[in-house]
Each structure stands twice: as C-alpha cells, then as structure tokens.
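Everything in the sequence shown is counted per our numbering, starting at 93 for the first residue and increasing by one.
No lab work stands behind these hints: they were computed from the structure. Each hint can be trusted.
Calculated cross-link-like contacts (lysine-lysine; reagent style BS3-like; alpha-carbon spacing at most 30 Å):
# : residue 1 : residue 2
1 : K168      : K158
2 : K174      : K137
3 : K137      : K158
4 : K137      : K177
5 : K174      : K158
6 : K158      : K177
7 : K137      : K168
What follows is a list of derived Cβ distance ranges for each label pair:
#  : residue 1 : residue 2 : range
8  : P194      : Q164      : 29 to 39 Å
9  : S125      : P194      : 32 to 42 Å
10 : A150      : E200      : 12 to 22 Å
11 : S133      : G184      : 13 to 23 Å
12 : S219      : A197      : 23 to 33 Å
13 : G171      : G199      : 28 to 38 Å
14 : S166      : E187      : 13 to 23 Å
15 : T215      : G169      : 14 to 24 Å
16 : G149      : G171      : 27 to 37 Å
17 : P218      : N148      : 26 to 36 Å
Think of the CB as a built atom: it goes at the ideal place given N, C-alpha and C, for glycine as much as any other residue.
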Amino acid sequence: MHAAALIARFAGIALLALPAVPAQADKFTLDASEPPLQLCSSVQKNVRFMHNVWDNGARDTFAQMKVYIGEQLSGKGEGEAKLLKVYREMIGRIETGDYSEPRMAHGEGQLAARNNAGTLCLTAFPSDDAVGKRTPLANPVSRD
93 MHAAALIARF AGIALLALPA VPAQADKFTL DASEPPLQLC SSVQKNVRFM
143 HNVWDNGARD TFAQMKVYIG EQLSGKGEGE AKLLKVYREM IGRIETGDYS
193 EPRMAHGEGQ LAARNNAGTL CLTAFPSDDA VGKRTPLANP VSRD
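Working from the sequences, and respecting the hints, build out all of it.
Have a look at this one:
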C-alpha cells in the first residue's frame with residue numbers, strides 16, 4: 093500500500109471518530125453575564141463570523157443575525173444594552189464596508205473587525221480582576 097493511500101485510510105478512520113455534536117466554540121454566545129474577558133472573546137469570535145458572512149455575500153444570513161442579536165439583547169438589562177451597543181457599532185462598520193475590499197483585504201479586514209470588537213467590548217465591560225491591575229515588577233537583574 094502506498095504511503096498516500098495509507099494516510100488517506102487513517103484520515104478517514106479519524107474523521108469517523110469525531111463527535112457529531114458541534115464544539116463549544118461553534119456557539120453564537122450573547123451572554124452579558126459572563127466575565128469581561130470571556131464575554132469579549134465571544135464578541136470577537138461572533139464579529140469575525142459576521143464579517144465572513146458579509147464578505148461572502150450572504151446578506152440574508154447577515155440580516156437574520158442582526159435580528160437575532162436585537163431580539164436576544166433588547167429590553168433585558170444594563171449589561172445586555174451595553175452589549176447591544178457594541179454589536180450595533182460593529183454591524184454598522186461591517187455594513188459600510190470599513191473592513192472589506194477595497195479598503196482592506198479579507199484577512200486584514202477580518203482581523204481589524206475582531207480587534208475593534210474586542211476594544212469596544214473591553215471598554216464597555218472593563219475587567220475588574222487583579223490581573224489587569226498588576227504593577228510592573230522591578231527588574232531583578234542588577235545592571236551594576
């Protein structure tokens with residue numbers, strides 16, 4: 093048996109062993125009660141997905157996502173209102189083409205959209221954990 097055929101056979105077996113349920117990362121999360129870093133990571137992932145949908149021309153799917161986000165976050169509470177504001181800002185930027193050609197290549201636009209979403213989210217939901225508030229340590233290496 094040739095090496096390529098052997099690899100293909102094992103790859104086929106490995107694919108059969110994968111679970112049929114979607115991974116946790118596949119969920120479109122809109123939970124404003126999550127800790128800020130986890131929440132903003134979800135926002136970044138969701139905005140990246142939305143950018144891909146827009147750039148691939150799936151305008152109906154994008155419109156459905158806009159409606160879904162509005163329905164899930166409207167009239168719930170302060171956290172949801174802040175989260176909705178972040179999403180509306182990013183949706184507006186995606187729709188106006190801020191992250192699409194000719195302004196940016198697809199990969200560059202995807203990264204910019206993700207980074208801007210994270211910045212907006214972390215501004216709206218500042219982290220109150222000690223990790224972000226550590227003071228720099230003095231350099232233990234003497235320069236004398």
